[in-house]
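**Q** Here are the chains, one letter per residue:
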Amino acid sequence: MLNEKPTLKSTGKALLYLLPMLIITITFNIYPILKSFIMSFYTKYDFFRDIVSQYGFDNFKFLFSDPDFHIAVKNTLIFVIGVVPLTVIISLAIALLLNRITWLSGLFRTVYFLPFVTSTVAIAQVWHWIYNGDYGLLNYFLSFFGVNAISWLESPHYAMLALIIMSVWKNLGFNIVLFLVGLNNINERYYQAAKIDGANTWHQFTNVTVPLLSPITFLVSVNGVIGSFKVFDEIFALFNGTPGPSKSALTIVYYLYQKFYTEWKYGIAAASGVVLFFMILLVTVFQLWYSKRHVHY
Amino acid sequence: MKRKTAIILRYVILVLGAIIMLMPFLWMLSTSLKTQPETVKIPPIWIPKHLMFSNYVNALKEAPFLRYFINSVFVTTVTTAGQLLTSILAAFAFSRLNFYGKNILFVIFLGTMMVPGEMLIIPNFVTLSQLHLVNTYGALIIPWLASFFTVFTLRQTFQSVPDQIYYAAKIDGASDWHYLWHVLVPISKSTITAVTVLQVIGSWNAFMWPLIVTNTENLRTLPVGLQAFTSDAGTNYALLMAASTFVIIPMVILYVFLQKYIIAGISKTGLKG
Numbered sequence: 197m198l199n200e201k202p203t204l205k206s207t208g209k210a211l212l213y214l215l216p217m218l219i220i221t222i223t224f225n226i227y228p229i230l231k232s233f234i235m236s237f238y239t240k241y242d243f244f245r246d247i248v249s250q251y252g253f254d255n256f257k258f259l260f261s262d263p264d265f266h267i268a269v270k271n272t273l274i275f276v277i278g279v280v281p282l283t284v285i286i287s288l289a290i291a292l293l294l295n296r297i298t299w300l301s302g303l304f305r306t307v308y309f310l311p312f313v314t315s316t317v318a319i320a321q322v323w324h325w326i327y328n329g330d331y332g333l334l335n336y337f338l339s340f341f342g343v344n345a346i347s348w349l350e351s352p353h354y355a356m357l358a359l360i361i362m363s364v365w366k367n368l369g370f371n372i373v374l375f376l377v378g379l380n381n382i383n384e385r386y387y388q389a390a391k392i393d394g395a396n397t398w399h400q401f402t403n404v405t406v407p408l409l410s411p412i413t414f415l416v417s418v419n420g421v422i423g424s425f426k427v428f429d430e431i432f433a434l435f436n437g438t439p440g441p442s443k444s445a446l447t448i449v450y451y452l453y454q455k456f457y458t459e460w461k462y463g464i465a466a467a468s469g470v471v472l473f474f475m476i477l478l479v480t481v482f483q484l485w486y487s488k489r490h491v492h493y
Numbered sequence: 266m267k268r269k270t271a272i273i274l275r276y277v278i279l280v281l282g283a284i285i286m287l288m289p290f291l292w293m294l295s296t297s298l299k300t301q302p303e304t305v306k307i308p309p310i311w312i313p314k315h316l317m318f319s320n321y322v323n324a325l326k327e328a329p330f331l332r333y334f335i336n337s338v339f340v341t342t343v344t345t346a347g348q349l350l351t352s353i354l355a356a357f358a359f360s361r362l363n364f365y366g367k368n369i370l371f372v373i374f375l376g377t378m379m380v381p382g383e384m385l386i387i388p389n390f391v392t393l394s395q396l397h398l399v400n401t402y403g404a405l406i407i408p409w410l411a412s413f414f415t416v417f418t419l420r421q422t423f424q425s426v427p428d429q430i431y432y433a434a435k436i437d438g439a440s441d442w443h444y445l446w447h448v449l450v451p452i453s454k455s456t457i458t459a460v461t462v463l464q465v466i467g468s469w470n471a472f473m474w475p476l477i478v479t480n481t482e483n484l485r486t487l488p489v490g491l492q493a494f495t496s497d498a499g500t501n502y503a504l505l506m507a508a509s510t511f512v513i514i515p516m517v518i519l520y521v522f523l524q525k526y527i528i529a530g531i532s533k534t535g536l537k538g
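As given, the protein sequences belong to chains P and L, one line each in that order.
Sequential numbering of the first sequence, starting at 197, is according to the working numbering.
Sequential numbering of the second sequence, starting at 266, is according to the working numbering.
A hint or two may mislead.
What the hints assert, rightly or not - Calculated cross-link-like contacts (lysine to aspartate or glutamate; reagent style DMTMM-like; alpha-carbon spacing at most 25 Å): (1) L/K267 with P/D393; (2) P/K209 with L/D497; (3) P/K443 with P/D246; (4) P/K270 with P/E459; (5) P/K201 with L/E303; (6) L/K269 with P/E384; (7) P/K270 with P/E384; (8) L/K533 with P/E459; (9) L/K306 with P/E350; (10) P/K443 with L/D497; (11) P/K461 with P/D264; (12) L/K367 with L/D428; (13) L/K314 with P/D330; (14) L/K326 with L/E303; (15) P/K209 with L/E303; (16) L/K306 with P/D330; (17) L/K267 with P/E384; (18) L/K269 with P/E459.
These aren't lab readings, by the way, just hints derived from the structure by calculation.
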């Protein structure tokens, strides 16, 4: 059966199995991809009656000259640069420690992973409270070190940092789990061989663990970059439905949301979605190219 | 001696890390049981004098959180069950049946997985408003009744089941339909549980889509309802923390009991990229 050639009969049968999935994905995944691209060229559009009276590049021209969009792209990149390296380094360190203990390691993993399963909106409320300038827990702890009270969420200088700290905290557990899988897959014999050659713990780490873990590290980084490009829930919840003080946490998806949902400028919103698409495509193409060449398997 | 110090050092770092990870949760729980004056005490109080369970009752009174809860349960259940059904059927076709266009279709679907979902919100909103589904349960559920990611994960598992089992079932006179539901699905139970739990968590916590397609209180899910509640609660953090605790508790319970499957699911699917 498996190696048989497809026939009309077998195709018909397969179609019946695929049909429910196809109806939904074609309507809500495939068609909207094409539609987004087309919509980004709508310049005069009556959405209620679905009548387009003019197409053009105006939406993209608008984006490239809109200072808000520049801020959004810049903030998104700052967010990525802030979140991804920190998350990768901290989660790798914790995974290494967890991998080398036996007692209570399950309990630690449970604790570190907990933020992943909890609602971003709910968790952002408690962070909002922790960041409170007058009564917040964070300023209280910082006061021990002689740091003056910081208005984390009201000051444009600190809002992005506050967002990054919360996001790193939320993402750690997921990456720790992936690193633990990677560490478990490293054959113990490599370490034994390294020990026989007289390698100390540090040399074992740099010469065995790091290269053999590189596919996972690379994957975690790329997933982190793509995920961080799409940040939205965290911002909306942490800054109570605003893009932060003086737009200091305005990102691309937040920009898309504003243009679409509050300003009803569908064409411009669609165009910003297309820009996001190409940024992610660029990362994905880089991933394919790089992992073919440089990642040790 | 040196070895012992290293072990102790590891535990010290891990315990400190665990404290940082747990602190927001403990702070949420602690604040949710305080009186309002206690919430703004400096230095902070961790264990309130009287546990104010009434905060929970008051939060549930101030906003229709029970309604939000029922909406969340309903949307999560229907979405997960529906997505599982469409995905099992499709994964069977991709792993067991031969048909024209199989490879092309599979490649197209793999390609769609890299498209950011945020980009699809606008055309999907337009489609749903043309179908007069905006601000209905349909809008919350229908677009999520299929996921190629789930199809892909299940297909991998189905393919790992040896061919011999399939032929043995055939010889016994089982139809493909019977083989799928009585042999393949039970064998793949652990993967199916993993994708189910991950989907439940995803649906329960979903925010952007429900925020956009609902505009009446009656249809809000818990995260959207909680966000709306923040403006009502104002500076009453005890109430807000009680409401937040109420939102996360179901997933924390689910996590404690099904942790094994969640971690296994992440390990399996997260690594495929």
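**Q** Does L/D497 lie within 25 Å of P/K209 when you go C-alpha to C-alpha?
**A** 55 Å, violated
**Q** Is P/K443 close enough to L/D497, meaning Cα to Cα at most 25 Å?
**A** 24 Å, holds
**Q** Holds or violated: are the alpha carbons of L/K533 and P/E459 at most 25 Å from each other?
**A** Distance ~41 Å between L/K533 and P/E459 Cα, so the pair is violated.
**Q** Taking only the CA atoms, is the gap from L/K267 to P/D393 under or equal to 25 Å?
**A** The hint holds at about 21 Å.
**Q** P/K270 and P/E384 were given as a pair; does the straight-line alpha-carbon distance stay at or below 25 Å?
**A** Given that 25 Å is the threshold and the Cα spacing comes to 44 Å, the pair is violated.
**Q** Does P/D330 sit within 25 Å of L/K306, going by the straight-line distance between their CA atoms?
**A** Holds: L/K306 and P/D330 sit about 10 Å apart, inside 25 Å.
**Q** Just to be careful, I want the Cα atoms of P/K443 and P/D246 compared with a cutoff of 25 Å; is the pair within it?
**A** Judged against 25 Å, a Cα distance of about 32 Å means the pair is violated.
**Q** Assess, step by step, whether the Cα of P/K201 is no farther than 25 Å from the Cα of L/E303, and give holds or violated.
**A** This hinted pair is violated, its Cα atoms lying about 73 Å apart.
**Q** Would the pair L/K306 and P/E350 pass a check requiring their Cα atoms to be no farther apart than 25 Å?
**A** With Cα atoms ~21 Å apart, L/K306 and P/E350 stay inside 25 Å; holds.
**Q** Holds or violated: are the alpha carbons of L/K267 and P/E384 at most 25 Å from each other?
**A** 23 Å, holds
**Q** Quick one, are L/K269 and P/E384 close enough, alpha carbons at most 25 Å?
**A** With Cα atoms ~22 Å apart, L/K269 and P/E384 stay inside 25 Å; holds.
**Q** Does the alpha-carbon distance linking L/K367 and L/D428 stay inside the 25 Å limit?
**A** 19 Å, holds
Checked against the numbered hints given earlier, this structure breaks hints 2, 3, 5, 7, 8, 15 and 18; the rest are met.
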